[in-house]
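Residue numbers (this note's numbering), protein chains in the order written: chain A, 1 to 656; chain B, 657 to 870.
Calculated from the structure, these hints are not laboratory results.
Careful: at least some of the hints might be erroneous.
[Stated by the list, open to error] A few chain B residues that face chain A, going by a derived Cβ cut-off under 7 angstroms, partial list only:
id, residue
1, Ala707
2, Tyr735
3, Thr792
Even glycine gets a Cβ: it sits at the ideal position worked out from N, Cα and C.
Letter by letter, the chains look like this.
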Amino acid sequence: MNGTAAAWDADRRRYDAIIVGAGWSGSLIAERLGAKGWQVLVLEAGNGGDETWEGHLDAVRTFHSAVAKVPNSPYRRNTAAPSPDVLDLAPVRDPEPGKPEFTANGYLVQQGALPYGTDYLRALGGTGMHWLGAVPRMHADDFGTDTDYGYGRDWPIGAEDLQRHYAEAERAMGVAGDADEQRKLGVVTDPDYVYPMHGIPQSHIDDYCQKRVGGHEIHDEVAGETYTINITGLPQARNSTPDPRYAGGAGYRPKGAVGLANYGERCVGNASCVPICPVQARSTPLRIQAGFSGSVTVATRSVVTRVLRGRGAYVRGVEYRTYGDPATPVSRSYTAEADVVVLAAHAIENARLLLFSELANGSDQVGRNLMDHPTMVAWGLTAEADGNIGPFRGPGHTSGWEEFRFGDARGTRAPFRIEIGNWGWGWANGAPMSNVATALGVGGDAAGEVRDKGIFGPELRRFLGSTIGRQLQLQCAVEQAADPENRVTIDPRKHRDAMGNPRPVIAYDLDEHTRKGVYAAYLVAGRIFAEMGAQNRTDFRPVGGLPPLGHFVYPTDDSVDGEVHLAYHGAGHGAGTHVMGADRSTSVVDSHQRTHDHPNLYAVGCGSMPSIGTSNPTVTMAALALRSAERIHQDLAELHGAVLPRPRTQKTEVPA
Amino acid sequence: MTGISEQEFVRTCVRLTGFTEYDLYGTGMAGLFLGTARDQVGEDRFAVFWAALKKALDDPQGLKTLTPTHLEAARALTYLWYTGAWPRLAPAAHAELRRQQANTEFMAAPAAYTEGLVWRTFHGHPAGAKAPGFGTWAAKPPDVPATGEAQEEQAEEPAGAYRVGMEEPVALDEVPHDLLPAFRASRDIAPSEVPTARAPEADGAAQQQKEVRA
């Protein structure tokens with residue numbers, strides 16, 4: 001990249017394309033269009049800084065000093081361009097029956113029955129700065145769940161249409177994986193394909209699980225089916241060992257760190273992929289930005305407030321505001337014009353912008369069908385005799401059980417993917433720190449008195465070594481189908497942020513099919529623990545009247561109480577607010593992510609996905625972005641007649 | 657300074673933490689932790705606590721002899737060594753100490769986090785620092801407990817000196833629920849605010865059945 005530009009440098013200029021948002025989608029499209037020579041302006045609402053090595057190290061230190069090491073913890077709070085944070089949500093003690101069991105005190109206004117527990121990051125690089133780097137492709141069955149299983153929405157395209165773009169995305173992001181395993185799953189169809197890099201080594205925990213229960217039968221009561229489970233490695237956008245067979249023997253050269261010349265490493269096992277990889281082995285969109293051509297201008301601290309209407313159905317550009325100090329959002333307004341406008345600001349932000357601009361909503365679907373992967377996190381202690389299994393080492397998860405993702409059981413309950421967690425009970429319980437607290441007995445009891453039980457010294461050390469060293473966490477990501485009532489709206493008269501932009505108002509719930517999937521996952525996780533001789537410690541019953549966030553009571557037939565306490569976490573997979581479809585009366589964008597209503601307005605990202613299967617959605621989003629980039633290039637070429645711009649060879653510096 | 661040398665501080669903390677003098681000095685955090693604890697407890701009250709702690713450690717009954725508030729301070733200090741963070745105290749202890757500070761958990765310093773002892777108890781490393789190298793996570797980790805050196809050094813300690821509220825050593829194959837954390841109800845709940853787990857439902861029922869049979 002050529003450094004970031006100041007907002008006023010872009011004021012009242014005309015570009016070939018304006019891209020709103022510098023995350024994965026925006027960066028990939030900007031890079032492609034820039035390579036073709038088009039003049040591109042990328043407007044990023046949040047701050048930059050992490051593209052420099054000093055900025056990156058500062059973020060690492062901020063992460064180290066955070067008590068709650070949540071996904072947004074390395075990044076400064078920004079009132080001018082606020083981000084939702086998982087810290088914004090709190091459960092309600094002794095909730096009234098039928099009333100929400102949570103409060104939300106952050107950027108998102110939450111009015112649904114259940115909490116939308118997913119965050120994102122408004123900063124240069126977007127949420128791609130704190131993602132895990134899990135990049136499993138979607139399965140062909142995931143694209144037509146309505147036709148095949150009777151739930152959710154179908155895509156206007158299928159997995160076959162995306163194979164080429166998936167491969168491109170995997171090159172651009174730098175993916176390590178085992179293509180044979182993925183072919184066996186049926187998600188990679190090219191018989192000759194290999195990933196750019198060899199798979200990231202599977203953890204000792206994976207190995208332990210496979211030795212204990214590999215090939216065993218696990219019964220899923222809810223689906224009434226029995227599955228033989230075996231672990232499958234996870235493709236990851238993380239530097240590994242390049243595969244010399246890649247691209248027909250051409251090989252692959254991994255990309256190193258951004259902001260420090262000649263520095264780059266394979267994953268060294270920092271075990272903090274979310275939220276930050278200290279050595280930048282985990283890929284971020286900054287890598288893509290580092291390859292921007294001279295015709296791409298990036299302006300940070302430029303908050304797009306609305307898309308401007310042009311002649312007829314066309315849009316002419318955007319209005320945006322810029323600010324100095326993120327803590328005191330005094331802002332000025334600017335405009336920029338372009339032949340094509342691309343919204344790539346996150347599913348919720350795209351919907352917010354479209355709604356406030358009063359555009360693209362002929363179908364009344366803008367903001368609707370908000371999705372996530374509600375994740376049931378189960379925790380257990382492996383057998384004492386088996387000793388230390390080595391938690392809190394390596395990437396967040398390196399293998400999973402994929403068997404529950406596919407097949408006819410989807411008609412009965414939502415499918416789920418079981419991630420075998422490598423980071424102990426961190427997500428569920430706040431381990432290992434909370435283990436120290438509860439073993440010591442610090443913090444007081446429910447009445448606030450000093451606890452009477454606890455251990456110190458050698459006993460404490462031995463106890464923690466044993467009980468942390470045996471922690472196994474299973475993260476079951478459940479597919480959530482599109483539901484028009486799960487939606488983003490705005491209410492500018494009541495809810496605005498500090499800069500005056502409308503805040504997203506969220507209504508969210510889980511439907512019966514999804515809840516059934518959560519329940520099935522809860523039972524399956526329990527059976528897996530039992531099968532491997534581990535103690536299942538999963539328990540979502542309220543403690544001292546305090547329910548866990550995402551808590552709900554699910555009615556059952558066979559239990560003594562006739563009900564079971566369940567809970568889910570947000571996965572950070574916000575999707576489905578401007579879903580694609582062939583029919584303009586029921587969808588917002590077409591299969592190229594172009595809005596049906598405006599020929600030169602695109603809305604890209606997970607918001608376009610009609611269903612999200614059980615795959616972490618980033619790689620599918622990236623594939624869609626690359627597919628759209630081809631289409632946008634074609635649009636621009638047609639618009640400019642036969643005269644195509646020549647790619648610039650010389651980079652021009654933009655004054656920062 | 658109120659007369660507690662770093663050396664005296666470390667030697668006493670060896671007994672609280674179960675780690676050796678060498679380990680504690682090696683963190684480079686002794687000075688920071690002494691200062692943090694003194695700031696949090698309050699200069700005068702810390703001196704009183706310190707005298708009580710040393711007396712208790714020399715008593716055959718060990719830490720059981722501490723007042724609840726001093727016990728909580730000893731726990732907080734141990735938590736600081738293990739995690740790098742000063743915890744939220746039991747509100748009763750917070751009140752009795754008449755602390756000026758907000759009763760919330762905070763990290764003493766970025767480096768305090770990376771020097772936390774908890775990671776060493778299971779031969780791990782702090783998440784986000786001291787990375788062990790490519791592929792190391794695939795290797796079988798050393799077994800726990802391998803705390804031989806600490807135990808040998810402290811072999812002369814009376815049995816039970818490090819337990820409060822329990823007579824028998826903790827069974828590691830049947831870990832008591834009230835020494836383990838429950839779920840973290842939301843992400844803004846600091847680790848030291850996570851309550852202990854509830855008694856398992858099934859176990860409770862089994863226990864009742866046993867009693868009925870007996």
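How the hints compare with the structure:
Checking alanine 707/B against chain A: minimum C-beta separation of about 18 angstroms lies over 7 angstroms; hint violated. For tyrosine 735/B, the interface hint holds, since its Cβ comes within 7 angstroms of a Cβ in chain A; the closest pair sits about 5 angstroms apart. Taking 7 angstroms as the C-beta cut-off, the interface hint given for threonine 792/B holds, the closest approach to chain A being about 5 angstroms.
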